[in-house]
Amino acid sequence: MTTLITPTNESSSGPWGVKRLQAKFRDFGIVFGLLAIVLGLSVSTTTFLTPGNLINLVDQATVVGLLAVGATLCIISGVFDLSATATLAVSAITGIWISQTFGFAAGFIGAIVAGVLLGTITGLIIVSTKINSFIGTLAISIIYRGLAIVLTAGAIVSPPAEIAESFRFFAERGPFGLTWASILFGVTVVVLGLMLSQTTYGRRIYAVGGNAEAARLSGIRTGAVRVGVFAISGACSALAGLVLISRAGSAQPGMATGLELTAIAAVVIGGTSIMGGQGAVWRAFVGVMILTVIANGFNLLQWDTTYQQVVTGALILIAIAADSLFFKKRNS
Amino acid sequence: MSHTELIAQHGSPSAPQIEVRGVSKVYGPTTVLDDVNLTISPGEIHAILGENGAGKSTLLKVIGGAITATSGSLLLDGEPVTLGSPRDAIRHGITLISQELAVIPQRSVMENVMLGRWSHRAGFAHLAADRVRFDDLLDRTGFTLDPDATVGELPLGIQQQVEILKALARGARVLCMDEPTAALNDVEKELLLRVVREIADRGTTIIIVSHFLEEVLGLADRVTVLRDGKLIETNEASAYTPASIVSLMVGREVDPIDQPPAEVSPLAQTVVDVERLETRHVHDISFALREGEIVGLAGLVGSGRSDVLLGLLGAEPRRAGTIRIRGAEVKENSVSSAIASGMALVPESRKDQALLLGRSVTENVALGTLAQRSFGGWVRRRVERAEVSRVSADVDLRGVGPDTLTVDLSGGNQQKALFARWLLHPPALLMVDEPTRGVDVAAKARIHSLIRDLAARGTAVLVVSSELDEVIRLSHRVLVMRHGRIVDEFDRSARPSDILTSAFTK
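Protein chains in written order, with our numbering: chain A, 1 to 332; chain P, 1001 to 1506.
Hints in this document: simulated from the structure, not taken from any laboratory.
Just so you know, not all the hints are guaranteed correct.
[As the list claims (entries may be wrong)] Simulated crosslink set (BS3-like; lysine-lysine; CA at most 27 Å straight-line):
| id | chain 1 | residue 1 | chain 2 | residue 2 |
| --- | --- | --- | --- | --- |
| 1 | A | LYS130 | P | LYS1331 |
| 2 | A | LYS130 | P | LYS1351 |
| 3 | P | LYS1189 | P | LYS1351 |
Please take these sequences and the hints and turn them into a complete structure.
Here is the structure:
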């Protein structure tokens, strides 16, 4: 079979070179942004580039970071999980509650199992009712918070002293002086990053978020993919909850309220598309680090932290604007 | 408002002469339009033809103000004008109507027509005045439209009329229409063409870009053919046949598109056997396909053609009926089990139903068969690359790198990529819905030969297309659908008019 037609020109909307460059900038621009802030702080303060500060920085990023990794998977698959921190609270409380009877190990595992379970339930509700995930998970988060209050009667719960000591494990120093919480965060980023970029499940997540109908007609069970993503988000929430227990030695129904939004902000700043189907786990890491480094910078420079919120808000706006610009282009 | 007031408001109703002088459009190293010179007389229907990438849409958009030319000028009645935006163009009486309609589906016809220019008294809507203006427009155009109908509930062809009226309400004297009939069925097409003719006869200039050569030649007064951004020829439409246009467009011979499909062997086994399939949209569907057989599903838009394919694939819940692939019943009602049993669908809308536009060609091609190349859930990238590049070559996906984003491909290459997707898991039954919608002539010929090749190698193929010609050319047999049922069957020697009659009236 021969056709005598030469291939048509593919670049009717713009030349390749420029497009490549634009794509590269879109891909890695945010990393340069982080490096620029780091560089700026290294030059303008003497305290930023000290091992103590850097170790502290990563440790501060872990809770939002873990939530952001879960949020990344959700957002790429085309859903939001606003129930993440409510899940965090319930699983942390469950973990402590179990540890009071069965010890630290059971409590630790119990917290993670609770997180996965709650995430799965959230996912099943969202997928089977087909309600908008934003509103759906908002409602579910209220239910979970209520559940947390019921479980604790509104009080702070803490494990017995010797078990509390075991829970402190994440706050202790491990290799390179990093806290074990930081190590946990790093491992989570790597493991889920590989899952997203290297496995068939990861490909399915991108497909479901990028074009659910295309995924469905290609034989992908879109509902199952999304339930799985909610379950993983639940596990991330539980891990973040364990890190918080390690710091406070206790858990309470209102813990981490609002952090789910910070996590989503970090995801967006990192460059994962809010429209789904585009993004990466490392972007969540970069996004969280940017937020943390900015907070750190305001501290070190002794700037009025009120403005930190203005800067954070502006960053989110810029990130979303850049994303929607690209999205518009893609669909024009 | 009276008729004379309308004219006073919108200036002279006569259209300007349009002169495109030495217009070029350059994107970096790519020249999309190259020194185009063209004069369009008032009230003529002027068709701009060419392959995808020939620059016809770009030229239309330059005239419509959506794209600014790199060099050259545009003259209206001899006066040079600068059209920096569609809004500028509208001020000069030129309106661009793109393929995706800009109507507000939830609102009424009249509201859409008067969009943003509603009559009012101190800010309150003055519907009676709108109504007068609307009736006036109907008078001027000869359209019959219900002003109170909700636009979203109207057929596409009628929505297009709303769009035209809207343009006229804004004083358009030149309409630039990009593929106006691409999404319409044959009846709607007919109606739209008549309407276009009508308003042209009343003095509006129409500039039209279309893939449908026969229909354009029947409509246009004059025709301009572009190739690789250059104007090849402008002449009276009556001077051309579709074949002569095609050879001007491509500048060389194309595959003979009338090549018949290979004979089905008398020994060929039955591949798919459908008995009394019933879904929400289709009823009592029974047919069988043998190895190597291509069967076309014809019918009007909404007759249930696509729904048969979706029902077979398990994408629409099956209410009753049995489907057997090579004798084995497909019991489970899910897409994944349908695919596993040997079916595959290249759906109607590439953008909405098939592609991940922001992802690479490789990822898109691999999407249907991920598990096939995985090791414990891991994508084996090297194997994937190799297999994708093999099938890409099979479908003639040339000049496209494995990492190219699908959004950057031409329509033809996007479609080929979808065929490649299923070549990785050659199905027993391949279903293709509108396989050549919005692709250029060369890609169309390639896709047709691809379908014939697959059949020749034993795949059973179900083809749905709004182009009756395409269905007849490709298929051994044609099943005609109406109101969700199969009403007739023809073989490939049938006359198109018989099939149309059956689709309309049975």
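Hint-by-hint comparison with the structure:
1. Simply put, LYS130 (chain A) and LYS1331 (chain P) have alpha-carbon atoms about 25 Å apart, close enough for the 27 Å limit, and the pair holds.
2. As the CA atoms of LYS130 (chain A) and LYS1351 (chain P) are separated by approximately 22 Å, the hinted pair is consistent with the 27 Å bound.
3. Our distance criterion of 27 Å between C-alpha atoms is met by LYS1189 (chain P) and LYS1351 (chain P), whose separation comes to about 23 Å.
Against the hints set out earlier in the document, no violation occurs for any number.
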